[in-house]
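A.B. asks: Chain by chain, the residues:
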Amino acid sequence: MLHNWAMRFAVIVFPGTWSDRDCQYALANVMGHQADLVWHRESDLSSYDCIVLPGGFSYGDYLRTGAIARFSPVMGAVGRHAEQGKPVIGICNGFQILCEAHLLPGALMRNDSLQYRCEWVHLRVENADTPFTTRCAPGDVLSMPISHGEGRYVADDATLSELESSGRVLFRYCTPAGDVTPDANPNGSERNIAGIVNERGNVLGMMPHPERACEALMGGEDGLLLWQSVVEWAKRGVGV
Amino acid sequence: MPVAQEVLDTIALSRDEYALIIERLGREPNEVELGMFGALWSEHCGYKNSKPLLRQLPGEGPYVLTQRGAENAGAVDIGDGVCVVLKIESHNHPSAIEPYQGAATGVGGIVRDIFAMGARPIAILDSLRFGPITPSSVGRGAIADAARDGGPEPQDADVTRNRYLFGGVVAGIAGYGNCLGIPTVGGEVVFEDSYSANPLVNAMCVGIAPVDRLASAKAEGPGNLLMLVGADTGRDGIHGASGLASRTDPHSRFEELRPAVQVGNPFLEKMLMEACLDLAHHHAGWISGIQDLGAAGLTASSAESAARAGTGLVIDVAKVARREEGMSAYEVMLSESQERMLTIVRKGHEGDDAALFERWEDPWTIIGHVSDDRIIHIMEGDGEVATLPVGILVEAPEYTREGVRPPELDELGALDLLSLPDLENNATLGVGLGSSASGNGALAVSDGDQPVDAESKPAPKRGTPNAALLRLLGSPNIASKRWVYRQYDQSVLANTVVAAGADAAVMRIKGTPKGIAISVDGNGRYAHLSPYAGGAMAVAEAARNVVCTGAQPVAVTDCLNFGNPERPEVYYQMQEVIRGISDACSELGTPVISGNVSLYNETSDRAVCPTPVIGMLGILDDVTRHCQMAFEHEGDEVFLLGSLLEQPAASLAGSEYLKEIHGLVGGRLSMDLGLEARLHRAVLALIRQRIATAAHDCSDGGLAVALAEMCLAGGKGIDASGADLGLRLDAALFGEAQSRVVIATRPGERGAIDQIARAGDIPFARIGRVTAERRLRLGPIDLSLDEIRDAYEGGLERALTDKPV
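One line per chain: the protein sequences are V and H, in this order. The numbering of the first sequence is this note's numbering, which starts it at 1 and goes up by one. The numbering of the second sequence is this note's numbering, which starts it at 1 and goes up by one.
Hints are computed from structural coordinates only; laboratory data are not their basis. Accuracy of the hints is not assured; some may be wrong.
What the hints assert, rightly or not - One-sided excerpt, in silico: chain V residues whose CB lies under 7 Å from chain H:
1. 18
2. 22
3. 25
4. 28
5. 32
6. 57
7. 60
8. 64
9. 117
10. 118
11. 119
12. 216
13. 217
14. 218
What the hints assert, rightly or not - Computed footprint of chain H on chain V, listed as stretches where at least three residues anywhere in the stretch have a Cβ under 8 Å from a Cβ of chain H:
15. 156-170
16. 198-205
Just so you know, even glycine gets a beta-carbon here, dropped at the ideal spot from N, CA and C.
Construct all of the structure, not just a fragment, from the sequences and the given hints.
C.D. replies: Structure follows, in structure tokens:
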């Protein structure tokens, strides 16, 4: 069932992607928007409002996470979409691909534990003035799962400082009370960074999985806030 | 006979079996043919020693859609047009040799069995067993008694290797399952002496499919084409089924056997899975069957699919894409290269199928066709290199042996539990249990800083209940397995309602109000002491775990791990364990719909404990009404259902307490299946009527551990300081009598419980009350939740980092 105003999401499927159906289920079945699974060989995404690069092991994470997927035909269209200022959301492997494609700065390295980590984590919202956080307030603590082996965000100090000073760090790993501590950092990310946006603010990369936190039965609904924000932002943009 | 003994040894066939082949064929088999017989007549594929025993297992039931053994996995109709497909399989021998790849390809194989049925895999569970990972078990030496768990104290080298195997297996499961995007939602990890160098790695997979889209593995329709899809065929895994899995190899050969372990490519499997599901769900008319290539590769997959359909096959090995040049027909037919599927393509649709596989970037080749002569013809170009009637090839001989009751059973059963010193009734006396070698010595109230010398220790000390509980909670078998499961993706696919760490995993079924509960349980120690009761208990505990979520148990998949069946004592264990499983499954209404047997799990003539592992499926009509173990509301009343609080010393038989605190394995076990079935009905009624607010199986570590887990899960305490624990504190607190469940209810429900328990003829007792104060008080036990959490959550990591002494 679609809402009166249904946003059109393209959920990109690379060989090896596995969060595609979860994103589609959250966006279409839970929220009532249009969410199409788009194979990575497509090169035209002009009919979509928002692009989601979901999690998974594109090309088996072979060579380096996201390093092969960035050359997929669809990535040209993702770049054009981003240039037009329309929202792009990269989750987990999607974040890794966006970094490899240089749509976001920095890189995701092996977790400092040298092990895969899947658990619910807490995220502090650092900037509520972005398309992805309009429904949040700075300092809000969101809960959602992570699931990755290479989620340690790294960048050089100048880049990190630039990200921080320009409000482009969106989420940091924190304690349930919202304190950003080393213990709350599940993978050793620099400055507990869990999610960032590009300079223009329309391309988001984050390691945690908001699509897995959209129903109380699944353990929480905080992920909805992110999707609702981007919908609200898009509505404002088109004057609905 | 011309065949050399060496050739027969390589494929693990006996002289008699060779003679039988000649008799049935009417001639000598050639090299390729003999290799194919070796594979299909192996224990792993042919179930030579277990088939007659397995026939007694019930397989029919109101929900069951498949005949056991007739397909790659068993299927159950859960209503709403959805069926659930499940199977468990062992990968013990490969994992003993190469833990990462052995476990990874174990996951790969079981997942292929599920999607070959046209079902999307939605959950993986693993039952894992290893030797000790701590230099010397706590409490060992406290009593110098013959009733030890057999064998010497673990040596440093064993501990080091066991840790390596444990870490490698867990990483392998994570590496493969996570890449596939299938959540690993449950399982068990057990450490016990008999699994040193003989780890057990049993992987279970559960999938769902629309009932009308269930695929079959039949090579139907003469003229239909055989399309081999996925990985190229290499020289890896040759003789995996006949060699590794079907005989006992000395430890010294492990290095040399490593090439018999396949190397996994989970990315390719993911693409294969998506393509096969696309085919089965959207283009079922293009194919007549899908079959995975697992043990014995192309040989088993082709012969079995032809046997199911009553057809024959013509396969040209020259057409099989290979990883390297110079492979012989023998090697191609016996390769166990992973990530390959055989699809039986309807004539005329080969172009459609090829296009679909290309879309999913899967390589494919047409390697032959279905014939109507019930003969497998293996061609190599124009030459025919093997010609075998399907019926002869797939009909492995069956052996019914004479089992002999192991004499040690009497000795083990005769252990005098009554004479064990009981715990101190007063926790403040401060007499400890000796210093701990597992790193949590600080938790024990010790009578001195001197290390305990196992030899010179004169007499056992009576310990305090507090120290005993902390010791048990921190022991690797009971401690939290978070270190393991946080390496597994548990929530991908967005179906996981309750994940690892609970009695059973609960998954919702999208598009329906339903859910399923799944658990996998076994206990080698129980089966070692009392094979019949141990078999029954494995089923009972798995079902009880599912019941504690509010789900009705409906079907079983079993993995039976034993030593060498040619030894009469091992064969006796098989007979008795299977009889126990059979009786329990009949009583509890849970047919065995699929499974696997793993034999020859032994090194140096020492077999693993007989280890039945039971995967249980339960159905929840309304998944939102599932129950969990957590104490959630202050003031809730807590009851024990199934027995009174007081327990006889005999209930310590085979318990974790006996092993961990006294260093003893012994006693005699019994099981009342009628009580178990009545208990399940009562617990389900209490959950469905929303009387129970929490439910938890009382198993390893007994009542005290069960309550500690319920407190931790909910962050609440319990006050049961006034509970009447009877004459034997140790038995009441830590005994492991079966058929017991702890439940919590809102205050004032005692009448309802009384009514349901009486109607079901089930003993019950009030234990105490849930408190906001974060303390566990049970008889003389009085501990803060922080102390309990530290012991329970840090136990496994402490054991892993503890330096060998």
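A.B. asks: All the hints need checking, so say for each whether the structure fits it.
C.D. replies: Hints and how they fare:
Satisfaction of the interface hint for residue 18(V) is found here, the shortest Cβ-Cβ separation to chain H being roughly 3 Å, below the 7 Å cut-off. With a least beta-carbon distance of about 5 Å to chain H, the hint placing residue 22(V) at the interface is held under the 7 Å criterion. For the restraint placing residue 25(V) at the interface with chain H, the shortest Cβ-Cβ distance is roughly 6 Å, inside the 7 Å limit, so the hint holds. Interface restraint check for residue 28(V): the shortest CB-CB distance to chain H comes to about 12 Å, outside 7 Å, so the restraint is violated.
Interface hint status for residue 32(V): violated, as the beta-carbon distance to the closest one in chain H is roughly 16 Å, over 7 Å. Interface restraint check: residue 57(V) against chain H, minimum CB-CB distance 4 Å, threshold 7 Å, status holds. The closest approach between the C-beta of residue 60(V) and any C-beta of chain H is roughly 3 Å, which is under the 7 Å cut-off, so the hint is satisfied. For residue 64(V), the shortest C-beta to C-beta distance to chain H is roughly 14 Å, which exceeds 7 Å, and the interface hint is violated.
The criterion of a C-beta within 7 Å of any C-beta in chain H is met by residue 117(V), whose closest approach is roughly 6 Å, and the hint holds. Taking 7 Å as the C-beta contact cut-off toward chain H, the hint placing residue 118(V) at the interface holds, the least distance being around 5 Å. With a cut of 7 Å, the hint placing residue 119(V) at the interface with chain H holds, because the nearest CB-to-CB distance is about 5 Å. Hint status for residue 216(V): violated, given a least beta-carbon distance of 9 Å to chain H, over 7 Å.
With a least beta-carbon distance of about 6 Å to chain H, the hint placing residue 217(V) at the interface is held under the 7 Å criterion. This hint holds: residue 218(V) has a C-beta 6 Å from the nearest C-beta of chain H, less than the 7 Å allowed. Counting residues of the region 156-170 of chain V whose beta carbon lies closer than 8 Å to any beta carbon of chain H gives 0, which falls below the threshold of three, so the coverage claim is violated. Check result for the region 198-205 of chain V against chain H: violated, 0 residues qualifying (beta carbon to beta carbon below 8 Å, three or more required).
Of the numbered hints stated above, those contradicted by the structure are hints 4, 5, 8, 12, 15, 16, listed in ascending order.
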